[in-house]
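Chemist: The primary structure of each chain is shown beneath.
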Amino acid sequence: MNRQQLNEILTELYALDSSLKSRETELISIINNIIKSQPQIEVDQDFIARLRSEVMAEAVNMQTANQQPAVHLALKPNYMNKFLYSFYGAIAMVLVVAVSVVFISGGQKPTRDGLVITKKITNAPKFSKLTGTAFGSLAAVTNEGGAAPLGAGNGENNPSTAKAKQVSDVAISPSASGGGSALTARADSKMMPPYGGKTYKFIYKGQELKQELAQLDVLKRVKNRENSVDTKNLISGLNVNFVNLNTFPDQKIQNISFIQKGDFGYITNVSLDEGMISIYQNWETWPSGKCGNNDKCYEALRVGLNDMPSDQDLIAIANEFVSSHGIDRTSFGEPEVNTDWRRQYELTTDKANYYFPDSVEVIYPLKLDGKFVYDEYNGMRSGLSVSVQVKDKKVSGVNNLTTQTYDTSSYEMETDAKKIIAYAEKGGLGGVMYWGEDKAKVEDLELSDPEMVFVRQYIYKDNQNTELYVPALSFPIVNAPKEPYFNRKAVIIPLAKEILNSRLDEGGAGSPGTPMPLDVIRK
Amino acid sequence: MDKTQINLEAIIKDCQAGQLKDFGLVYDAYVKKIYAFIYQKTFNREATEDLTSKTFLNALKNIGQYDDKKANFNTWIYQIARHNVIDHYRAQRDTVDIESVFDLAADSDIEVDVGNRLLLQKIRKQLENLEPRQKEIILLRLWDGLSFKEISALIGISVGSAKMLFYRSLSVLRTDLAVTLLFLLLILNT
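Top line first, the protein sequences correspond to chains Z and F. Okay, so the first sequence: first residue is 1 according to the numbering used here, each after it adds one. Okay, so the second sequence: first residue is 524 according to the numbering used here, each after it adds one.
Derived by calculation from the structure, the hints in this document are not laboratory data. Quick caveat, the model's predicted, so the values are computed rather than measured. Just so it is clear, CB atoms sit at the ideal spot from N, CA and C, and this is done for glycine as well. Treat the hints with care, since some could be wrong.
Subject to a maximum C-alpha distance of 25 Å in a straight line, what follows is the list of computed BS3-like cross-link-like pairs (lysine-lysine) [claimed, not checked]: (1) Lys497(Z) / Lys367(Z); (2) Lys686(F) / Lys21(Z); (3) Lys686(F) / Lys36(Z); (4) Lys394(Z) / Lys593(F).
The calculated label-pair distances, taken between Cβ atoms and stated as ranges, are [said to hold, decoys possible]: (5) Ser22(Z) / Lys555(F): 33 to 43 Å; (6) Gln251(Z) / Lys593(F): 31 to 41 Å; (7) Asp551(F) / Lys129(Z): 34 to 44 Å; (8) Ala65(Z) / Glu569(F): 28 to 38 Å; (9) Tyr690(F) / Asn306(Z): 57 to 67 Å; (10) Glu569(F) / Lys126(Z): 12 to 22 Å; (11) Val695(F) / Ser22(Z): 47 to 57 Å.
Construct the complete structure from the given sequences, taking the supplied hints into account.
Modeler: Laid out in structure tokens, this is it:
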């Protein structure tokens, strides 16, 4: 209690009994004793954040329940009105509730006074232990479908699986009214460093390394244990009279999209198969979407240095979006801004013509079993990706919002420290840029003490994409070179022996910057 | 929106009209106070988290019924929290006298956080000569910083009665202090 508040109380007392003024010292002592005995309460910040998400999720539900849902389906115009009419109201609401129940609360339904039991609606990681090597051989792990290397300031990380590719194609295709202006480099589009660039050699200079854990759990994300949405009734309710959709047995819902038509609208894509939700701009309703073919319009919207928000502001914008839309943050660490654009701007010699990104990525790093997940190429933390559009200071997309249920199974890990260091000095999963042994162009990069992390890997087999999280060591790069194209922060070494053998021993990983042989370039 | 200039009144009015997107700011403004208020009645972290959750969900669900002519928002949300605490104790005991809620937390058969049991007993000792209602008013004023107007609306008495009860509580505590000091003087002089 400050002096002003104390004076207020004393004034109130003197108004009742002016004789108390002569006993002011005594009164102050009594009041202070009571105040001092107030328990000092440390509020759990995780609880505060979790409850906020739950309250806002309920607020969104309440607000949605009071509004007419707008559902868009890509159909021939002749039938669109009838189809949309039959899809409004209760059917759409059943879909939304069904999806949210399957996705978010693991199938639990609202109870008790009609209120959702907030404690149970979280997306905290859940693990189920299976027998050893339950996911089969890890030798089939590839980098296809791996998180895309982050582009200059834009982070729309969509895994390029067969099914997710469909989703991400919808996300980035202008015809689907989605997508931003500066697209992230995909996993299969390797960024070429300039001809005649430097060769980097990694040298480990940390403390003596010991890795004695011969068996560790590999995690497999469970995308959707069972698609429990009752599609038969939903389809029956659609009242489509030009085809009987119920004549196709054993159907299930694979993807659902919702679109907002108002200013700064969004498209939300729910992939039930992948257990993933993506949110992106409804391009037509944002200012840049109204430029059409008008170059001057685009030029007017081009971003400059003064338009770039501070990291603090970017995080505030992302946080507000995440909490107001009930996106649960339980599985994620504190948000971080991808500051590659700033690094490249500071290193570029042609600042006048530097292309500032339209959007900047805020990453909420995924944390599993106490360890962060890292990108295998650039050694940065990866997780929930929120893109903030610079000009409008609004979130333009959310990616990697996934179910957090995992099966775990133990696999054999590499324990030979010398071998691990050798892999690290070869650049690990990100490889190394090699232009030859011209000593004038070789630069040593120091690697320091590693930390235990997870790295996401994929097995693509029989048209199915299995998403794994493999224990790994992250070796930070201490003296990163001052080249704009070098955006690696660490060298990542997965510890699973089968992966080391298949991806690193045979040189299968490749590097985003692996150059073509000089004799090919010179042809 | 500049968070340093949040106009809570305007936000609450919007929420009452069904525009709930900024309810999070109302939550931010009140969560720690409500948490502390409930903890000081239960001295149990788990119960406090449950009751805090329930308070904010109840506030959200019923915000359309909040009437600023009857009480300010501060009083309204504290009322919800207070009722939830009463319900919490009623689930454990058949009859609960609200003024005794504080004493209930100190009872040995009510679960409190281990580290705080001694503190609770110390506070109880300090205030043992006060009636339950006097205890509640003292703590609402000094711990929770509620005004007499808010206290009167919260517990259903007039502002004048609230002030008088507060004054009498301090008089009792003064007498206790005087007796203690006299006793000490006697001890020191013998």
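Chemist: Hint by hint, say whether it matches the structure.
Modeler: Hints versus structure:
1. Lys497(Z) / Lys367(Z): Holds, at roughly 23 Å.
2. Lys686(F) / Lys21(Z): Satisfied, since the Cα-Cα distance of roughly 17 Å is no more than 25 Å.
3. Lys686(F) / Lys36(Z): 22 Å, holds
4. Lys394(Z) / Lys593(F): 39 Å, violated
5. Ser22(Z) / Lys555(F): 33 to 43 Å: 38 Å, holds
6. Gln251(Z) / Lys593(F): 31 to 41 Å: The hint (31 to 41 Å, Cβ to Cβ) is violated, given that Gln251(Z) and Lys593(F) are roughly 54 Å apart.
7. Asp551(F) / Lys129(Z): 34 to 44 Å: 39 Å, holds
8. Ala65(Z) / Glu569(F): 28 to 38 Å: 31 Å, holds
9. Tyr690(F) / Asn306(Z): 57 to 67 Å: 60 Å, holds
10. Glu569(F) / Lys126(Z): 12 to 22 Å: 21 Å, holds
11. Val695(F) / Ser22(Z): 47 to 57 Å: Roughly 18 Å apart at Cβ, these two residues miss the hinted range, so it is violated.
In summary, the structure is inconsistent with hints 4, 6 and 11 from the numbered list given earlier, while agreeing with the others.
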